[in-house]
Each structure stands twice: as structure tokens, then as C-alpha cells.
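Protein chains: 6
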Amino acid sequence: MFLRVDKLQIELPAPKKQDPNAGAALQELLGGKYGEMSTLGNYMFQSFNFRSKSKLRPFYELVAAITAEELGHVELVSNGVAMLNNGPDTAADDSGDGGDISMSPFEAMQEIRSAASFFSHGGGAVPVNSNSMSWNVDMVTTTGNVVFDLLHNFHLECGARLHKLRVYESLDSGDATGREICGYLLVRGGVHAHAYALALKKLTGVSIEQMLPTPNIPTGKIPECQKYLAEGAHRRLYTFSPGDYRAMAGIWEGEMALPDDPPGELQVVEGMPDGGRIHDLVGQPSAFTPDYAPEEFYEIAQRLTQKAHQGGGSL
Amino acid sequence: MFLRVDKLQIELPAPKKQDPNAGAALQELLGGKYGEMSTLGNYMFQSFNFRSKSKLRPFYELVAAITAEELGHVELVSNGVAMLNNGPDTAADDSGDGGDISMSPFEAMQEIRSAASFFSHGGGAVPVNSNSMSWNVDMVTTTGNVVFDLLHNFHLECGARLHKLRVYESLDSGDATGREICGYLLVRGGVHAHAYALALKKLTGVSIEQMLPTPNIPTGKIPECQKYLAEGAHRRLYTFSPGDYRAMAGIWEGEMALPDDPPGELQVVEGMPDGGRIHDLVGQPSAFTPDYAPEEFYEIAQRLTQKAHQGGGSL
Amino acid sequence: MFLRVDKLQIELPAPKKQDPNAGAALQELLGGKYGEMSTLGNYMFQSFNFRSKSKLRPFYELVAAITAEELGHVELVSNGVAMLNNGPDTAADDSGDGGDISMSPFEAMQEIRSAASFFSHGGGAVPVNSNSMSWNVDMVTTTGNVVFDLLHNFHLECGARLHKLRVYESLDSGDATGREICGYLLVRGGVHAHAYALALKKLTGVSIEQMLPTPNIPTGKIPECQKYLAEGAHRRLYTFSPGDYRAMAGIWEGEMALPDDPPGELQVVEGMPDGGRIHDLVGQPSAFTPDYAPEEFYEIAQRLTQKAHQGGGSL
Amino acid sequence: MFLRVDKLQIELPAPKKQDPNAGAALQELLGGKYGEMSTLGNYMFQSFNFRSKSKLRPFYELVAAITAEELGHVELVSNGVAMLNNGPDTAADDSGDGGDISMSPFEAMQEIRSAASFFSHGGGAVPVNSNSMSWNVDMVTTTGNVVFDLLHNFHLECGARLHKLRVYESLDSGDATGREICGYLLVRGGVHAHAYALALKKLTGVSIEQMLPTPNIPTGKIPECQKYLAEGAHRRLYTFSPGDYRAMAGIWEGEMALPDDPPGELQVVEGMPDGGRIHDLVGQPSAFTPDYAPEEFYEIAQRLTQKAHQGGGSL
Amino acid sequence: MFLRVDKLQIELPAPKKQDPNAGAALQELLGGKYGEMSTLGNYMFQSFNFRSKSKLRPFYELVAAITAEELGHVELVSNGVAMLNNGPDTAADDSGDGGDISMSPFEAMQEIRSAASFFSHGGGAVPVNSNSMSWNVDMVTTTGNVVFDLLHNFHLECGARLHKLRVYESLDSGDATGREICGYLLVRGGVHAHAYALALKKLTGVSIEQMLPTPNIPTGKIPECQKYLAEGAHRRLYTFSPGDYRAMAGIWEGEMALPDDPPGELQVVEGMPDGGRIHDLVGQPSAFTPDYAPEEFYEIAQRLTQKAHQGGGSL
Amino acid sequence: MFLRVDKLQIELPAPKKQDPNAGAALQELLGGKYGEMSTLGNYMFQSFNFRSKSKLRPFYELVAAITAEELGHVELVSNGVAMLNNGPDTAADDSGDGGDISMSPFEAMQEIRSAASFFSHGGGAVPVNSNSMSWNVDMVTTTGNVVFDLLHNFHLECGARLHKLRVYESLDSGDATGREICGYLLVRGGVHAHAYALALKKLTGVSIEQMLPTPNIPTGKIPECQKYLAEGAHRRLYTFSPGDYRAMAGIWEGEMALPDDPPGELQVVEGMPDGGRIHDLVGQPSAFTPDYAPEEFYEIAQRLTQKAHQGGGSL
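Same order as they appear, the protein sequences are chains H, W, R, F, X and S.
The first sequence begins at 1 in the UniProt record's numbering and counts up by one.
The second sequence begins at 1 in the UniProt record's numbering and counts up by one.
The third sequence begins at 1 in the UniProt record's numbering and counts up by one.
The fourth sequence begins at 1 in the UniProt record's numbering and counts up by one.
The fifth sequence begins at 1 in the UniProt record's numbering and counts up by one.
The sixth sequence begins at 1 in the UniProt record's numbering and counts up by one.
Pulled out of the complex, with its shape left as it was, chain H reads as follows (with noise of 0.2 Å):
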């Protein structure tokens, strides 16, 4: 089973300037074969399928624990999609109604490169790749074989890494939003290519771990990775759960960082990381996002929420 809590991983800066092209790229970094649409789909169904769970646990446990951790992943990019395709937040965006439709107000939108993710999905963020290819079942691998599949992640979370850092590399270096999107999920995704290495050699004695960082740059080198580097993220893999997922740190614990990282131990923490703030993600009227007048629907929406808090015995 899975719980939701309403923050995102990390709180994410409000883009400076809507951005749709840049939206575009950070979609290869959800629905692309490397991305986290695919580390989700990887672990969550390999770890449905695990074999042998009772007497592989540490095993499982790894897989599972990510899994939840990807979900996070996917939602903090899908955000940053969405911010960056809607641009800046204004309180009295999503007031009135949608005004003259027919003087073109979207005119601009035929000229993007996914002006399908406008007509379709108002700036929303779908699983499909930088070019609006749709993510599919020929980027899950899930074959039962432990060994087998853990290679394949680690090699996964390799190339996620590539992908991260050449996303990054097209960010306008005024896009915080996406910047620090790239940022946070090098160090995040790092951790997870460690834990995989890890694993492999608990396994099959290689210390497969030497080979990262694949590519080789140090994660060092990039500004929006230093604070997350600095408190230690690189070190920390959590349960995110409430109670489940501890034995995972018989692979984890008892390890050193790598060598290119700040240095300390390895560390499982239970739970989750504080997380911060959703964005708002104000709506356009004459993209009929929430709706054309929607004010009639944040009146009703007002009541409703009031009745729930003046309810809620079973609460």
C-alpha cells in the first residue's frame, strides 16, 4: 500500500518566466527511457514480482523502498513541467473570466515544440519523453532474475544520470525551477546507483561501485547539487515508510560515501525528507484551466471545505 502527504520532496522556486520549450526537456526527464517514469516502472513492478521475498529481504526491501522514494521523483519533475509551461504564479490569474477568445491569446502555443501538451493537457505534465514520445512498457525490465536485475538498474540510474546532466546543461541559467529540479535528483538518483552497486556486490563480490560517478564529473561540479551534498543527502537513503523497509540497511550501512562526495557513512533513515511546499499552480480562464469563470467553482469549493472542517467526527 502507498500513502500520499501533500509536499513535494523538495520545495521548488517559482519560474521566473513561462517556459514551455524548457518544460519540454524536463519531460525527457520524466517519460524519456532514462527517466523517472522509468525508475518507477522498474522498481514498482520488480518489486510486485520479487522472488523468494522472505529469504532475500534486504534485496527487496532496496527495491521497494525506491520505488516510493520514485514516486516523489516523478511528481517533483511533473511539478517543475507544469510550473515551468504555466509560468509565474499571479494571485489574479485565475479570477474573472477568460475574456475574448477569439483575439488569439494562444497564438504563441503553435510555435512550441510540444504544442500538443498545450491543446491537450493545458501545460500539464504526461508521461512522454522531451520529443512527446510516450513512455511504455519496453522501458521496464523486471525478469525475476535478482542479479540480472539489479545490473539493470544500476546501469538505469547511470543513465538517468547522463540524461540529468544534459537536461541541466540546456536550463537557461535563470531557470531555477528547473535547475534545481536537476540538482536534487543527481544527488537523489546518486544514491540510488550506489545502493544498486552495493547490492551487486553483496551479491557477486565486483565492487561495481567504482564506476560511478558514471558520467565521470564530479557531482561537485554542479552548483544546485552543493547544498544537498552539504547536508548530507548523498548519505541518506530513506524507508519512506512508516514502519517497513529497515533491513534494507544491512546493504547500505556499514559503507562510505564515494570518493568524488563529501565523506561520511552511509546512513538508512526511516521516513521521509521534510519535503516542501506545492506549488499553487494558479489556472488560466482563457485556457479554460480551471475553467473560463471559475468563480462559481471556488465558491462552491469554499463551502465544501468549510463543511469539511466543521465535520469530521470519523476524521
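Keep in mind that the hints were calculated from the coordinates and are not lab data.
As the structure is a computational prediction, the values presented were derived from the model and not from experiment.
Heads up, some of the hints might be wrong.
What the hints assert, rightly or not - When the alpha-carbon atoms are kept at most 25 Å apart in a straight line, the in silico DSS-like pairs for lysine-lysine are as follows:
id: 1; chain 1: S; residue 1: Lys202; chain 2: R; residue 2: Lys201
id: 2; chain 1: W; residue 1: Lys201; chain 2: W; residue 2: Lys53
id: 3; chain 1: W; residue 1: Lys17; chain 2: H; residue 2: Lys53
id: 4; chain 1: W; residue 1: Lys17; chain 2: H; residue 2: Lys7
id: 5; chain 1: F; residue 1: Lys227; chain 2: W; residue 2: Lys202
id: 6; chain 1: R; residue 1: Lys221; chain 2: R; residue 2: Lys53
With chain H fixed as given, assemble chains W, R, F, X and S onto it according to the hints.
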């Protein structure tokens, strides 16, 4: 953010026989257009992309919380698929090595409807439908228009009900695993259909919940649904959260169960159901799950588990 | 614009038994690369995109008129698929309710080749091939080059003939529904191949019609084709229009039947063939078609029909 | 069976400039999930697969007749796409040969969003969305359950309205071709949404038509819709048939226009609208449409046209 | 550039019976994610896209040379698929005409798992997996990062080994054709896995070859691998070139066979193996292969062959 | 079996500038429906599946030998794509490390039409069309019917010519790399079209070669084709084999060049053309190709190259 709990939403009865074609049938409820990957994918991305969350909180929270439940549905169906493909667990199954593989131990796998699911996934579940076609973005609607997205979701849940019913009707009366899944999901899907109907009613004034159930067979006619109806599962919407999503009570509470179902008031329950044990899914060394000669791995895992339990200062 | 007539191009014999694998075989002729969706899709879009229509009128009209016939072919094969999947109609079939659905009434559906076609479409036809793969744009060629598009169409009709022959050869001699469809379409497809060949000959001087029939089995060897050959269907090109497309006679008329076929002059006929009754396709309440307990719907429909017949001032 | 008439449902204003990105935007309304190929594909296959046609005649006929109109919508949007990609016709355009092709005459085509639509289709329309993704079977719902299929169709038409509105908002105010298409289709799509709503109301008693319009902008706010509203197009359902489908009047007639639209009684009209001329779509020999040196072909076509007009005894 | 030799890498034993489901199983090794089209596609495009070829010559050449071997693997598996689908050749099979096709000669083809492979390909191989899903670009990784691409390739070969083993286990002990293919490819795939491991070791220092074999069953346990191990095929890397790719010896030579395999030094061999005869794959006139009445074609071909042998001045 | 030679079929002029949209245009000729992956895929699988090879030898050999040439065409276009995406090589480009990646070095990549081709492939070629859609099995026709497959191939080559012409017309006159590829492939594709036409003529008696060239622009009008025509490349069919495929001379020899082309007798040439040097494709450490800090890898490679040259007893 998402947390994970190492339980299924319900405990599944063990399969009595290996039945890959039944497993393939269940895949329709996992990766089909009206399957759980679709309900998950639609609500998950809608919740990420939701516009004016602060002003439409009960509606946002409804979609967000149901997303978390759908993750558990994807998990439940996936477990069922893997169990039916794998057959009954035998304690000794994953011990020893895989024996003489030249004796065509998996000749039968050529004849099953989805042979690739054995060759590639060792009988594990993946996001495909009952004909092995991949789930993909064409099954995701997230427009940002609040009425339309809710209407879509209402239609999706009705479609999901129809598909569950037909898959149920294809399951051998001895196939308790698959039928239990259908019974449970029919009740829970009914809750979601009802919830989206009420949300639409609040926004538009249309009593669309009177279209339920569609198809028009009372849930009470399905034996496997009885215990869930009896315990009132059809009246409960869980927050699937340690503390968020209570405002959705404004939509759900104060309304009554549908006329065909056991009567009573609708109720939002904080947290999640008790849930049940996850099947161990014993491996088959002859299929290289977890590997051909896994004993050494079991010993390694046992040592690592002990280490985790001894250490764990930070846990 | 298009008009519709509530008839099939020919009347189909009722199926003698439910035969979903035969239905799936027919799907090759519906959604396969060389199936009717492809002939329709190619000619339809070619006719929309046709360049210099006014200067190339006979060629434009040929493609435009055949498009209309192909719509009827898609309809014919679809009816055949649904009839074979559904089996013989029994007057009482769709009366009463669907009974006890917990008795696995559709257990057999797990074993058919395209189980999803039952779960999802209730046995109805959809644009997929005999292995359930979707028809898609890669099966459409519309370049705007008149010689190349005609050459493509000529090759397409030859390929369609080959596929019809092989599907025909897979149909049980008792399967009159499917065999009648093949017999009719072989004759009509032969007309289209011949017509495109003559169009090419007019433009290029190459007697490409001498390549017909490909594959080189005379149509006369297929018993189900005899009555259509006998009535001269192989020499007739219909306008499938109340008044347009007569200029295509410039290509077709004045030429003779192919040497292997019954001799005679080619002829353009205004309008359409007489056609035959559409099968009622009685529902199965147990499969929720039209619904689980449809009697009330029948009564509603009867009332509305009466109302329509009484009112109708504007009709 | 289907007949074809060599007219569009309305006459389209000629494009003022070549505008391939506008053409690509229109593709969303052709091959997108909520585009005309989808409305066509859903209703066409639903009508083929319709269960118990004789007992549910008004419902069957509604779906069957709208199918025929949708064919004309696919045609209309396709013509628009090809016109925008091609630009204004000039009488002399397709005369002479294509000139010196080594001078990069189509350098600009590398920069358009859908370059393949030039390379492969010479600017013609194909069944893809605005990002060039193929239309496919995942966009077709045909379950055979009458309530569910109608509910799906109602949702589909609402989604189609949203997509038309957004595409409309992206069209330059000078792009009369595309805007006219949107204006017309918004009115006609509104009729279909209304019709499916009434069908659902007859079957279930739910006044779901009160959800219209969704999105909640009155059609009257779109200038290009005015003339169609003024002539009452929003109150007319055509049979699009020489003589069938009159029983659908039982659903449509006796009801009134939606509150936001010009008032009046709903009406079924036998046959089709007057329609308008199809654009000639003059070729570009430099793009090999209809060919590099087409003059000889024009002469051949002229001779064949004359022959057709002289002969034609059987016409 | 590539040259072709009219031989297979090994001679395949003739099939003893027609076995389309075994042919479909082999398709997993052709068009599956871990099949030969994937190894070919990955290495081929990686070799085309290889960066700084001159400075990384041994690594470039390794990928380039293995590409050529993979072409032969695609050929080998394809031949096997076609042979199993076709069954044993009989000298007289393709003589005479196809007989009375109205006697349902291919009724059995409706029941095979991949019926379209008969209808469309006459039993020939195409790039699809064992469930008939198309091979596609999502199965190609070519990032240009040398360590990551090699790591990907290493993982790909391990995955390929697992899939070959499972397909092997599904092949009837009497199916010598398919088993021979698996036996040979397991040995050759082992060479490629070993080679990529050594390349990675040279670049990163990690002894990743110690992870081999994955899955951890010694190749020696598969009877069909014995003769290839005995002749040292596991120690030989061919250049598959008349004169290039010798520098890859820097990676391969000087190293030893893996511990589980017969011992010995690794060796680069210029050129290719001796290879074996290609099966004639006698046609079936009743399936229109090579055609319904092929005798005339054989005579034409014979005359042209004689002409070629007599002329040939330039040969 | 296939051999590889470390040369391209012609030497390509270096690109003068980085031009990813031109690279994307070239992709149409690689992975489009009428691109080189399609000609390769069709002929390769047709040759594997060819029926009655021994009795139809000249026809089999024609398809088999052209397959080998197509491999080189795929290679040629791929090299062109990678060169245009990468831009001019500078000796120093791949030295040193990748510098400060936080300065948005690849901001421009967000705006190119196929951004994923940078993010995922570092500018390398993959089997997709100019809109990034994957090549797939729907682009492969291999029916086993000899006349139909040859007719398909003839149509395919005509379509390929049209696509090459349009891509050529989109290439900037300064883009010598892309234009050279088009020029060469137009001549060689013309040979293949001619060859398939002659094969069809031998079998059916139809002078289909008189349809060439389609589109009807003489190859002589394209400057980049001149040198190839002058040296007689349009009259030569290579065996692309060290010793096989000579019997195809029975189809090709004894015939004359097409009327529009420089006159002369057709000729089969054993082996392959001289070919040209493969571009080095210098990496970009900032894009992690071959890696961020590749110097150490170059040193390793140099040592291994030396070792290979010194050892090599078995070479």
C-alpha cells in the same frame, strides 16, 4: 511525496494452480485502457497538474487521495498476475539449483497466450493489457479543466467496472485469487465512481450519481463483493495519508450510499485500511528466479538482514 | 460529404457457431497493413490531399469514389467480425437479465487468441490486425505525387488480395459468414486493382494491369466469388455517389475485363449496389451488452421510435 | 453503406499565407485523442458493433447517423490542414515544371514543427495529432454497453469542444481557414454533445445535458460560430442519409435548444446540409505534387474527362 | 560498408515438424527487447555514432566488429523462425499449383499464437517479439558516453543470455533447429558479454567480468553448447572483416577464458567462421509462396541463371 | 553472414556548421517509412524468408545482395546525421575536460526540433523519422510471394526517391554533407528501382521500368548526382560479397541504362565500391561524449592499440 507500507490492501488467497491465461486476463485490469494503470495515471497526473489547488481544495484532494489508493490497486492486481502465473508456492521450490534445463521444463510456456510474459518477465506483471499491448499516454486525460477531468474520471470508473465484471466472468470458479481481486476492486471502484459523481454534482448540479451502477448490475450480485459491502467499504473514502486530504470530506460526507448498496452515510476515514500480507512469490531456480542456484544469495541476504537488525542506530 | 445507408453491400449469412479465433482472423482484413482500414485510410486521405483536382479530375474522382466503397468494406468486415465473435442470434438472447455472473459464464474467453476483444469490446470489431496490433498512420501513404500514390494503391490492392486469400484459406468450410466476405471482397478488390492499373497505364503507358491477378490464382477458382463474377461485379465501378464522380469513366470505360475473368466491357455505374440487410447482432445481458438488464431500455426505445414515426414533420 | 458527395459541409475561405504550424495545430482536431478521427472511429465502430439494433433503434440510429457527419468533419479538417500547409492557390502554380530543385526551394520546411508532414505527405493531412503522433485503437471505445458507450461519447464531445477551443485560440486572427473550421465544428460538436446527453437522459433519467456547455463558455462568444447559431445549426440533427435514421427523432425532437444558445425546438433534418465547394489545392511541381512536370498529365486527364462525358451510356 | 556471404554462421538441422508456436517463441530472440535486433541495433548505431574513433580505436572496433556478427545472429534466428513455421522441406512441395484453396488448407493457422505471422508473412520472420510486438527505437541506447554505452551493452548481453535460456527451456527436446540456435548463441553471446566486460575493466578498473555468467548457470550445462565450447568458440572474437578491426585485440587478447568455461587464452581471429549452408525453405504454392503456380517462374529463373553463368565478363 | 569494412560507400564532405534541424531532416531518409531502415529491413527479412531459393536463385540473390548495400546506406545516412548534429570537428574538441557545465552550454538544444536526439543520443542517429517517430515492423513487407514482394520493393524505391528529393530540397546549399548523401543515394536508389523493375519484367512481361523515374524528374537535374552518373554508377550492381550473388546478373546484365540517364549497358560488379574514409566524429566532453574528462581513456586506448599491433600472432 509518497510512503509505502509493506502490505496489500487485502490479503489474497493463494492460487490453487498455475494459470497463465488467467494471469493474462487479469492484465486487462492492470494495463488496459480501463485498468488500474489508467486510473492511477489519470489521477496522478491530474493531481500534479491540478490548477488553483488552493481555491479548489476539496476537488484537488479527492483526486490526490484516490491516486494513492490506485497505487495500491496497481499493486494488488500485479500481485495477482504474478501469483497466477507462478502458481502455488511450495516451501522447497526455490531451494537447490534449477536442475537439468535441457529437459524442456517450460515447454508449456509456448502455448500460453502471452508467452513473452514468461520469457521476459518470468511471469511477473507489467503495464500491458490482456493482449500484451502496452499502457501508454493515450490512456491519460489531464486537461486542467476541472469539470471535464472529473467527467472523464467518472466515465473511466464506469468503464473500469465493466472491464472488471467481464474479467471476473472469465475466471474459473476455483480461481479464488483473481476473483477476490475483482470483488474488492468492484467495491472500491464503485466508491471512486460515486465520489467523482458527487464532485460533479457539487460543481454542476447534475445528479449524475443516479447513473450508477453502470453497467446496471447491483454490486450485491457478486458473491466476492459481499464481505466488503457488509463491512461498509462502499461508504468509506480513505485519505491514504498520515494527515492530509481531509477537505475532500466536503464532497463525500453528508451523502448516502447508492440505493442498490447497503444503506448508510458516506464517510471519510483518515489513513488506510488494515491491509493484508504480501504473498512471498517463491522463485523457480529453473526459470532463473531469483537465480539458477540461489542458495548462496539466501545466505548473504540472511547475514545482511541480521546486520540490519543489530545496527540500525539511525532507524 | 458522406451519406450513410442502413445496409451492407451484401447480405451476410448468419454464423453457425461462435468462433472468436475466426473473428480474430478476419481482423487481419480490417486493421492489418493490407486490410480495409488501410485501403480506406489511404484513399480517403489521398482524396482529401489530392493536388490539382480540377486538372486531374478522372484520377481524383477514381480515388474519391473508391474511398466511399472502402467505407462499406470496413463496415462489412466489421460486421463479420462481430457476428463471428457473437455467434448465432437467438431471439430470446437479449431478453431477461444476465443471470448469475458468478458461474464463470465467459471462462472460454481466456483461451481465445484476442481475449481483450471480449473484455474490452464485447466481441465487437476494432481497427486492429489479427494479432490485435493497432492500425496506425504508418499504414497510410499520401504523398501528393499522382503516379507514386497510384502505384502505391496498385501494390496495396495486390497485397490485400494476398491477405484475403490466406484468411479465406484459414476459414472453416462451415464458416459461411467469413467466406462470403472474402469472396465478395476478392472480386471488389480486383476491380480496384484493375482500376488503379488502368489509371497508371493512362498516365505512364505501362500495361501494368497485365500483372493481375497477383497472386496468380484466377478469382474463378474461389467458389464464393462465382456469383459475383457471374453477375459482372468484376466489370463494374460504382460512383457510390448520388451524382458525382462520373468523370472516372474516362479511365475505366472502354476497357475490357481481365483475361482470367468472365469477359465483357468495363462499366461505371452511378450510385451503389442493392446491398443487404444488416445483422441485428443480438446482445448478451450476461456480457452487459446492451446491458445486464436491458428490458427497460427496450421499452424506452420502443416509445421513442413510435414518437419519431408520429412526429417527423420536418422529416 | 456509404455514399460520397463532392462537397465539403461548408465552404472554407482560402488561406492568406502558407502556415504549416497552423496546419499542425489543426491536426490536433484531426488525429488527436479528442479529434475527429476519434469521434469518427468511436461512432463508426460502435454503430457496426451495436447490440440489439432492432430493439434500440433510436439509439443505434443516433450513433450511426452521427458517424456519417463525422466523416465530413474528418474531411473538413483534413482540407483545412492541406490548405494551410499549401498556402494560397495561384492559378499558374501547378503549370510548367518544378524548376531548379538544387536551389533549396524547401529550406523552410526543416524548421516547421512537423517536417515529416512535408517530406512524407507533401503537406497533406494524415491521422496524427498536433505533435505528429498517430491516431490508434487506444482512442476507440466500443464496449457494446449502451449506457457506457453513450456516456463515453458525451465525454468525448466535451473533450473535443475543449480541444477545438484551444486550437482556435492559437490561430492567428488572419487565419480565416482554420478559424472557420473551428467555428463550424464547435456548433456541430455541440449538437452531438447535446444529442448524446439527451440519449442518456432518456435511458437513465439523469439531466446530464445541464452540464453543457463544457468548458463553460457560451458558444455565442466565438464570432465564427455566430452565423451557424443564427441559422439554427445548433438545433438541427441531419440524418446524413437518403432515407434512413429517422427514428433518432425520438431522442432529439420535442426537446429545446440549450439555455445559452439561441432558443428553439430541436429538429431532425433528412439528408445533409447544402455544403460548399472543395478547394482545388493546386500542386507544386517543385514538391512533385502532382509531379515535377505535370503538363502531360493534365492533357491526358482532359482527354479522359471528355471521353467520360461523351460516353457514359450507363451513367 | 558491409559485405554478405551466402552462408549462415552455423548449419541448422532441419525441423522435424511444422511448429509455429516454437517459431513464435524464437521471435523473442529476434525482436524482443533483449533479442538480436536489439544487440544489432544498439551496436550498429553506437558504432555509427561513436565519438573520437581515432583516439578510442580498440573500443570503437570492438563495437563495430560485433555489429557484423550480430547481423549474422539476426539472420540465424530469422532462418530458424521461418524453418519452424514452415516445417520440413519436401522436394516436391513447391511444384505444381496450390490446389483447391477452398478446402481450408490453413485452418490450423487460426489457432497459432501469432496468426498474423502466417497471414502477413507466410511464416517468415519479422522484427517482433514472441507476442508479435514490434522492435523499436526504445530498445536502442546510444548515448555517445563510452563507459555508459559499454555498461549498457554488458547488461544487454546478460539479459540476452537469460532470454535465450528461457526460450531454450520452452523448446521441445525434438526441436533440434531451435535448440541448436540457442546453444550456439549462448556461447557467442557469452563472448560478447565477456568482451564488453573486459572493455569496461580496461577503462574503469572494475573486474565486472566476475559477474559472469549471469544468470549463474554454467554454459557447460547446456548440451547444445558443448561442441562450441569444445572447439574454443568461447575464446574467439572474429573481426568479421576482410582486413579491419584488429586493434580490438588490445582488449581481448592476453586475457583468459572465464572460470566456468574450458580454459585457454582469448584470441582474435581475422575474418569469420566457416559457416553452414542456408536452408532452401521450400515454398507452398497453396500459401502463394513463391506463388500459386510457380513452375513458370522456376523456368524463367533457370534460364536467367544460365545466362548469368555464361555471360559474366565483368564478374 | 555479413562482413564489415571500416569505410563508408563514399567519403562525406565535413559539415560547415552544426545544424541539428538538417540532421533531423536527414532522419527521414534513415528511419522514415521510405527511408534506408525500411529498404534494409524489407530486403533483409525478405532474403531470410525467401522461398525456394534454389529454384529462384537470380531473384533471391538480387534481394540478398541489395540488402548488403542497404546496410551501407543506413551507415551513410547515420554518419551524415551525426555529423550535422555535431558540426565541424576541431582537433582539440575532445581534449581537456568538459568545463563549467553550469553555464548552460547546450541551451540551444531546447529549441531544435528533436531535442531528445541531443538529450538521449548526444546527436547520434537512431532509427526514427524526421519527426522522431520510431521505425517499426509496420514498415516491413515480406509475404513470401515473389511477384508481390518485388512489386512492393519497386514501389518502395520510388517512394524513397520522392523522399530523398524532398529532403534534398530542404537542405541549405551550403550543407554539402547532406546534399552529397542525397545525390549518391538518388543514383544508387535508381539502380535498385531499375533492378526490381527488371526482375518484375522477367517474371511478368510487364515493362514496368518504363515508369522510371518516378517522380518524373531526370536524375541528371541534380548537380550532386552528376559525378556518379558520369562514372556509370547508375549502370552498376555490386554483389557486395567476396564471392556470392553472381547469378543476379541474369536479371541485370544484357539490359541498358534508362533513357534519361547516360547510356550504356548494365553491369554486375563483384565486390563493393572503393568507398571513403569514415569521419572521426570528435566528441564533446561537455556533452559527456566520449566522457567528461576523456584524456585517461585516450591513453588507455593508445596502450591497447599498441599492444594489439605488437601481439596479433593470430591475426
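Hint by hint, here is what the structure shows:
no., hint, verdict
1, Lys202(S) - Lys201(R), "holds, 19 Å"
2, Lys201(W) - Lys53(W), "holds, 19 Å"
3, Lys17(W) - Lys53(H), "holds, 20 Å"
4, Lys17(W) - Lys7(H), "violated, 44 Å"
5, Lys227(F) - Lys202(W), "violated, 35 Å"
6, Lys221(R) - Lys53(R), "violated, 39 Å"
Taken one by one, the earlier hints fail for this structure at numbers 4, 5, 6, listed in ascending order.
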